[in-house]
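Enquirer: From first to last, the protein sequence lines stand for chains A and B. Our numbering applies: residue 1 is where the first sequence begins, and numbers increase by one. Our numbering applies: residue 1 is where the second sequence begins, and numbers increase by one.
In short, the hints are calculated from the structure, not lab data. Any given hint could be a false lead.
Dumping the calculated DSS-like pairs for lysine-lysine here, alpha-carbon to alpha-carbon at most 27 Å [what the hints assert, rightly or not]:
| # | chain 1 | residue 1 | chain 2 | residue 2 |
| --- | --- | --- | --- | --- |
| 1 | A | K352 | A | K409 |
| 2 | A | K191 | A | K151 |
| 3 | A | K682 | A | K449 |
| 4 | B | K92 | A | K682 |
| 5 | B | K92 | A | K433 |
| 6 | A | K13 | A | K601 |
| 7 | A | K322 | A | K651 |
| 8 | B | K92 | A | K34 |
| 9 | A | K682 | A | K433 |
| 10 | A | K573 | A | K621 |
| 11 | B | K92 | A | K29 |
| 12 | A | K392 | A | K682 |
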Amino acid sequence: MTTTEHPPTRVHKERTWVGQSIRRLEDPKFLLGKGGYIDDMRVRGMLHAALVRSPHAHARITSIDTSAAKALPGVFAVVTGAEAAEITNPMPDFGPAADKHVWRCLAVDKVRYVGEGVVAVLAESRYVAEDAADLVRVEYDLLEAVVDPEKAARDGAPLVHDALGSNVAYERTFQFGDVDGDFAAADVVVKDRLRWRRSGGQPLETVGAIASFDRGTGMMTINTNTLSFTSYLFMLAGTLQIPDNKLDVIPHPAGGSFGSKLFATKVSAIAGMLSKVSGRPVKYVEDRIDNLANCDHHGSDRVYDVELALTRAGIMTSLRIKTVDDYGAYIQFGVGHHGNALAQVTGPYRIKSVEYGVTAVLTNKCQQGAYRGFGSEVNNWMLERMVDMAAKELDLDPVEIRRRNFIGKDEFPYFIPTGNVYDSGDYEAVLDKALELADLDHWRAEQAKARAEGRYIGIGLVTCQERSVFSATEFWFWFDEPAAPVTSMPESVTLRVGALGDITATLYSCAFWGNSPETMVAQLVAEEFGCEPHAVSVVYAGTRNGLPATGPGGSRTTVMLAGAVEGAAERIKDKAIKVAEHLLEASPDDLEWADGGVQVKGSPEQRKSLGDIAIQTHLFKHSLPEEIESGLEASKVYDHPYTTMPSADRKNLGVFYPFVGHACHIPIVEVDAQTGEVRFLKYIAVHDCGTLVNPRSLAGHITGGTVQGIGTALHEEYVYGAEDGNLLTQSYMDYLIPTAMEAPEFVIGHCETPSPWTPHGIKGGGEGGRMMAPAAIAAAIDDALAPLGVRATELPATPARIVGWIEAAGGA
Amino acid sequence: MRIATTVNGVRYERDVEPRTLLVDFLREDLDLVGTHIGCEHGVCGTCTVLMNGETIRSCITFAVQADGQEITTVESLANGAMHPLQEAFWEKQGLQCGYCTPGMLLRASEILAENPDPTREEVKAGLASNLCRCTGYAFIVDAVLDAAERMRTEARA
Numbered sequence: 001m002t003t004t005e006h007p008p009t010r011v012h013k014e015r016t017w018v019g020q021s022i023r024r025l026e027d028p029k030f031l032l033g034k035g036g037y038i039d040d041m042r043v044r045g046m047l048h049a050a051l052v053r054s055p056h057a058h059a060r061i062t063s064i065d066t067s068a069a070k071a072l073p074g075v076f077a078v079v080t081g082a083e084a085a086e087i088t089n090p091m092p093d094f095g096p097a098a099d100k101h102v103w104r105c106l107a108v109d110k111v112r113y114v115g116e117g118v119v120a121v122l123a124e125s126r127y128v129a130e131d132a133a134d135l136v137r138v139e140y141d142l143l144e145a146v147v148d149p150e151k152a153a154r155d156g157a158p159l160v161h162d163a164l165g166s167n168v169a170y171e172r173t174f175q176f177g178d179v180d181g182d183f184a185a186a187d188v189v190v191k192d193r194l195r196w197r198r199s200g201g202q203p204l205e206t207v208g209a210i211a212s213f214d215r216g217t218g219m220m221t222i223n224t225n226t227l228s229f230t231s232y233l234f235m236l237a238g239t240l241q242i243p244d245n246k247l248d249v250i251p252h253p254a255g256g257s258f259g260s261k262l263f264a265t266k267v268s269a270i271a272g273m274l275s276k277v278s279g280r281p282v283k284y285v286e287d288r289i290d291n292l293a294n295c296d297h298h299g300s301d302r303v304y305d306v307e308l309a310l311t312r313a314g315i316m317t318s319l320r321i322k323t324v325d326d327y328g329a330y331i332q333f334g335v336g337h338h339g340n341a342l343a344q345v346t347g348p349y350r351i352k353s354v355e356y357g358v359t360a361v362l363t364n365k366c367q368q369g370a371y372r373g374f375g376s377e378v379n380n381w382m383l384e385r386m387v388d389m390a391a392k393e394l395d396l397d398p399v400e401i402r403r404r405n406f407i408g409k410d411e412f413p414y415f416i417p418t419g420n421v422y423d424s425g426d427y428e429a430v431l432d433k434a435l436e437l438a439d440l441d442h443w444r445a446e447q448a449k450a451r452a453e454g455r456y457i458g459i460g461l462v463t464c465q466e467r468s469v470f471s472a473t474e475f476w477f478w479f480d481e482p483a484a485p486v487t488s489m490p491e492s493v494t495l496r497v498g499a500l501g502d503i504t505a506t507l508y509s510c511a512f513w514g515n516s517p518e519t520m521v522a523q524l525v526a527e528e529f530g531c532e533p534h535a536v537s538v539v540y541a542g543t544r545n546g547l548p549a550t551g552p553g554g555s556r557t558t559v560m561l562a563g564a565v566e567g568a569a570e571r572i573k574d575k576a577i578k579v580a581e582h583l584l585e586a587s588p589d590d591l592e593w594a595d596g597g598v599q600v601k602g603s604p605e606q607r608k609s610l611g612d613i614a615i616q617t618h619l620f621k622h623s624l625p626e627e628i629e630s631g632l633e634a635s636k637v638y639d640h641p642y643t644t645m646p647s648a649d650r651k652n653l654g655v656f657y658p659f660v661g662h663a664c665h666i667p668i669v670e671v672d673a674q675t676g677e678v679r680f681l682k683y684i685a686v687h688d689c690g691t692l693v694n695p696r697s698l699a700g701h702i703t704g705g706t707v708q709g710i711g712t713a714l715h716e717e718y719v720y721g722a723e724d725g726n727l728l729t730q731s732y733m734d735y736l737i738p739t740a741m742e743a744p745e746f747v748i749g750h751c752e753t754p755s756p757w758t759p760h761g762i763k764g765g766g767e768g769g770r771m772m773a774p775a776a777i778a779a780a781i782d783d784a785l786a787p788l789g790v791r792a793t794e795l796p797a798t799p800a801r802i803v804g805w806i807e808a809a810g811g812a
Numbered sequence: 001m002r003i004a005t006t007v008n009g010v011r012y013e014r015d016v017e018p019r020t021l022l023v024d025f026l027r028e029d030l031d032l033v034g035t036h037i038g039c040e041h042g043v044c045g046t047c048t049v050l051m052n053g054e055t056i057r058s059c060i061t062f063a064v065q066a067d068g069q070e071i072t073t074v075e076s077l078a079n080g081a082m083h084p085l086q087e088a089f090w091e092k093q094g095l096q097c098g099y100c101t102p103g104m105l106l107r108a109s110e111i112l113a114e115n116p117d118p119t120r121e122e123v124k125a126g127l128a129s130n131l132c133r134c135t136g137y138a139f140i141v142d143a144v145l146d147a148a149e150r151m152r153t154e155a156r157a
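So that you can see chain B by itself, here it is in the shape it has in the complex (with noise of 0.2 Å):
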């Protein structure tokens, strides 16, 4: 099947095959390969990208799904230099072998989209969607909280 779609700002035009998944024509087809494969049955949240602005599970979406769709991935998000939720899990290590952090960086940017200040039981309470298995999430959630201030500064100057 052809698809049309636009993936960080590019538009693509490919054809596919129906059951090819989205994070597979991402990263086979578009060599995007920040976007990783964790669980493939949509619990772990590795495989997150933005559809139109909103979290997705690239793992159980096919390509054809995102055909006339914005798909965003994570290298998109530094843009010469790290976005602030770059810069901060830099800062507070809000990672360590980091596998889940293209996931974890887009689902915390819907987080701080959705509520620019949020308490930490609301950064823990938006982060379960994506698993991490080293952190123990305590210095993620830092992170969060330190990119949501940078990003409230930012957003002030």
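Okay, chain A solo, but in the shape it has when bound (with noise of 0.2 Å):
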């Protein structure tokens, strides 16, 4: 590929409201409690439903009594898993084959996982809702749990989808440049075998949502907390059997997601189903037990047999990755989640070739989604451990091994082998400053003085991508074949110029969701037009003749976002030059938009504010030429900006998640070897997600998603049985979330490389922490442990583990 195909380069022009850390726009209403979630919504005549759940991992339904619960007072229906079948069709799945694991809202024949829906019932309250499910009887035939994933795989398993003929959904190797070459010519090859666990998003507010069925216009009307909707709106709708014209998705704000409310779908069809069976608006919102058992996004799930290439200077140079990845008993965005993966496999680092194995298999647990870092994460914490590994069998140091290897800031754009693009870095730059508020001097003099004692410090060290902006090609490159080879993702914005100047932004299926749209989208507003952030009032539209959009993820919100926002402001612009072209009697070439209006060149005083040219657009039409019509408003369609196709032999994938930044996260850790706690003494991040909108929002992003990342690293996991299958952390009493005392105290820095190619050079970083956190405190936990020769391959690195790795490697 030659530099010529790439976006054109941007000159970025100097910021005021871009680049501030301004209050937030979405606070208020959440301080004073009046946030508008989705359970503060009540309608008349609203039903409450509540799910009957499978007790067992994998069992044939043989019979369902629903008549105790029926002629229970306030009960108004109860729906079995094959009469929910009846009226609606399976849920979104991205394949392959999904005719062969086919997932509905509720169950039908055989339950796949502990928590499945088998019955839904309505009730006039969700007290008696819950009442009736305990009197519905369920006979079940136990089958055998298949539990582990790479015993799943095996031929003579028992099979999740009898129609599949195996639980291997989804089966291909990828070779991208000369791997067997590399690996030939290589000094030396470190080889690892790493389980990363599941964990999930776990929002503090479940999934919800309100629907209401009009059987006189067949109109469907859901009010919920996911989002995502417009441009796949078809799908839902498709499930429901409601033409997609009528059916309006309203959003609420989410009371956190972290991917798990993105596109989620299964709360919305039950509801949708429960409202046409009763011609009733029904609320149901997940109990907890239901979010943690039946949530449409438990995280990834892998096994993986890693071996990693090397000159004897430490050069990487060749990649050889073979992962299992448990996808519970459906699949429901193919395996997308190694699409992210693929974006940045090789991660800072000039590693020459990569052989990519991935086998998807299904078993007897709640299915996969999104979280926060869709497999990136997963493969930035495979890929760092590697480095240390390889860093200790040289007896280099962790970051020395680093900088020999990673990309020069002079060496962008770069095409990573699998054929994605970084735009721009500064590696060395980020580590530096992460060095430079990490003294290391200290710590390593701490460390030897704690050793002394018999104590265990530790600073972990790691260099991870934040791919951001991903194009749709990912779910789709997989197959030779694609059933849906869609080309973009876009994200569109509206914005409205009242009659006295003030400026309304409407953004399509982008609700809230914990991030700060409102305020990102004022500050970019603002820059445009010169006016006060906290002046500009923000609209989230209802799919409803909504503006192609496809919502947050992938920390793709921000850059989409300003595109749009920059292309509508630009036909704002250009009307409002052709308004003062008249108001001022000059030409279009003597006038310039400046200051928040418009002036002829050389001459300020000779002026129209934004408001003196809205005024005249909305009520005085006819003073103006022909051609202007009333209104100032105009909409922009953002597009992905940077996507190619991939090659038929899909030796090279193209370009699919162009924007990438980097972290440097250091972690200091003391390790109890006696009880296997892990505490943190200090932790340090430094990011580069390019230009910054808001630097204290980025910082919340990064301090979160690195106190998730904590959880998954140290804490989280939902334990299956190994035998029955039974999920045995169905309450936060086992499902660990750090609390305020596991949390570190941090030190945030940020470098800003510009992005050549998006808006202000933006680049995504909503993921945040979470892409980095786990590996950084692997590395930390190796490092305060190498006395003991202890290596973390797994996690969580719960405190049973840790001590189970010390005994192993013979004690303390």
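If you follow the hints, you should be able to join the two separate chains into one complex; please do so.
Expert: Next up, the structure:
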């Protein structure tokens, strides 16, 4: 590929509002307890749903007796999975072979994991609905549970889906570059087996929906805290057997998502199905057990066998990755998670070739979906584990081996072996800043002192990528003949300047989920028009008549909305200049946009403000030339700015995740060798996400994402019983989320290497610290326990696992 | 059962089922939806309200237990202007999705009522009762310390 195929390089202007840590526009309503979450809403005539969940991991449903439940006063409907299947289609599934692992809103014939919905009950209150759920009698014929993903992939394993004839939903090995040659030429090859166990977003607010089906009009309105539906509305419409022009999905603020409310369809499908059955508005809000056991989105669950080839001098040349990923009982996004991994599979390093083998396995567990990183954070952890192993093997300092392999700041744009491009970066600068903030000399001295006292202090260091702004190809380049080779994932904005000059921005399919879309858009609008950001009003549109929009995810929101705001603003300014031509009696060549208005070049006293122009367009149209229409409003549909198609042989996947940030994390920990407890003494995190829109908001994603990463690394796991497949972590008593006491004291730094291809040079950063923290913490544990010969190859590194490693290595 | 309870200074007399949870009573019977439901097990602190000035978890408290008691929810914090805690949370961005925020604010108000000048460590230990999934707590701790200063200044004035 040649550089001429890149998008045009932008010249970034001076900025006024972009880059300021302003107070968020979103916050006052939440601080006052008036957030407007989905469960806060009530509709006249609304009924409430609850589910009967499967207590078994794998069983055939032999009979269901709903008579006692139906007889309970206040119960309106009791719907079995088979009955639901008569009025709904299967849930969206990106394949392959979606017809062979059919996913439905309620189980039919067979249950495939503990917690799967079997019967839905609709009643006048949630209390009565749960009473009735207890009265439903379901008989099961138990089947052997498929729990271990590697055993599941073997011949003769019990089948999760009989129609598939195997538990392997997808398997393929890709080669990018001359892997065999590079391995043959290597001086050193390090190998390891690594295990990343499943955790998930676990937002404090569960998924909920209120569905209202109007039998008179055929219109289905769904208010919900999930999102990303505008461009893909037809999928949910298909599930509900509703024409997509009769479905409106209205977003509500989400009380946290972290990916887990991205395109969460099951709750809306159940509520919609029950509203069709009853003709009444239906609220279904998951309870916590539903969300732990039966949500749409558990995180990655992988076994890795990895080999890394190097020269004697520590130059990494090639990677061989073989991964088995436990997808649970259904597959909704195909293996898109591994597309995320392939976007940055070689990290910030000049590795020449990669082999990537992926086996997606079906088991009797809740299905995988999205969790902050979407599988690329797992790749970061795997790669950094291997880099540290190589450093140890070659007796190189972890900092030094990274410096020797970094892509240099003058080598961008840089194509990695998979075909994806990294737009820009300065990895040395990020590392240097992190080292400067970390004061490692001090901590090495503390470490030595501690060791003399029999205590174990460790310093971890990782340098990881954060790809941002996915394009659609990563969901289908897996297949030689993809069913739906989609090409763009757009995002849209409408800007409206009112008669008095106040600006309203309408967002499509971009609900609030703890990020700052209003603040960010307001800052971008303020940058364009010179207004005060807090004067901008932001509207979250429903899907009906919505412009093309994909919604948040893969750290895409800021870049995509910046492109849309820029495009809509340009259209408004063009019109404003036309109006000003008339008002100022000047030729367009003599006019310029400046300081929030239009002025005659060189004569700033001859100017019209945006307000002056807006009122003319709204109220005095007939004073303007014929061709100028009333009003001052413009929309922009911003398509993915840089996507190229994969090659037919899939030896090159094209460009699909081009805006690539970078970070260095350095946690300092103390590990108690007796109890296995890991305590943070300090945590240094330096991120480079290109130009920052709101540094404090990004810092919040760094700290928040890091603490989620601490959960992933040390505490959180959906534990399924090895034999019976029972979910052992069905409450927050067992699924352990970090508290303030587990959170470290942070030192945050920012570097800003602008992207050459995005407005203002912005890159996405929303997935924040979770991209790096698991890798960094594993490195810190290794360093702490180096005298004992421990290597952290599995996460979460719970106290029991750490003590086990220490014992296996001969004890403390 | 008939209960009489004072919520945010207003006296209510209501019939409730004995099994009705306080959080459902507040949200469904009184329309005070600022108190949120998180884990439903008394672990996460999202549903925190004050009973007679002390924090309780309204998801594991029955409405009947509020009979004759005084309940305070997030809705009462701002009195025209925002409470200093709310101002500080806004200024320091001590929230992202806002869902844990009402519980955090009420817990923080209790921490500061007990100790108007806490150390950072004391604030962290105090807030460990309440989960936040977004922020990593750093900015919440900053906000509580900032609020403490604001409240001490107000008290002196």
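Enquirer: Could you run down the list of hints and mark each one as holding or not?
Expert: Going down the list of hints, with the structure as the test:
1. As the CA atoms of K352 (chain A) and K409 (chain A) are separated by approximately 17 Å, the hinted pair is consistent with the 27 Å bound.
2. Using a Cα cut-off of 27 Å, the hinted pair K191 (chain A) and K151 (chain A) holds, with the two alpha carbons roughly 22 Å apart.
3. In summary, the hint linking K682 (chain A) to K449 (chain A) is supported, as the alpha carbons are separated by about 17 Å, within the 27 Å threshold.
4. Of the supplied pair hints, the one linking K92 (chain B) and K682 (chain A) holds, its CA atoms being roughly 21 Å apart against a limit of 27 Å.
5. At most 27 Å may separate the alpha-carbon atoms for a hinted pair to count; K92 (chain B) and K433 (chain A) meet this at roughly 24 Å.
6. The suggested pairing of K13 (chain A) with K601 (chain A) holds, with an alpha-carbon distance near 19 Å, which does not exceed 27 Å.
7. A distance of roughly 17 Å separates the Cα atoms of K322 (chain A) and K651 (chain A); the hinted pair therefore holds under the 27 Å criterion.
8. Under the criterion of a C-alpha separation no larger than 27 Å, the hint pairing K92 (chain B) with K34 (chain A) is consistent with the structure, at around 20 Å.
9. Between K682 (chain A) and K433 (chain A) the alpha-carbon distance is near 16 Å, which keeps this suggested pair within the 27 Å criterion.
10. Taking the CA atoms of K573 (chain A) and K621 (chain A), the gap is near 17 Å; set against the 27 Å cutoff, the hint holds.
11. Among the hinted pairs, K92 (chain B) with K29 (chain A) is consistent with the structure: their alpha-carbon atoms are about 16 Å apart, no more than 27 Å.
12. A hinted pair counts as satisfied when its Cα atoms are at most 27 Å apart, and K392 (chain A) with K682 (chain A) qualifies at roughly 24 Å.
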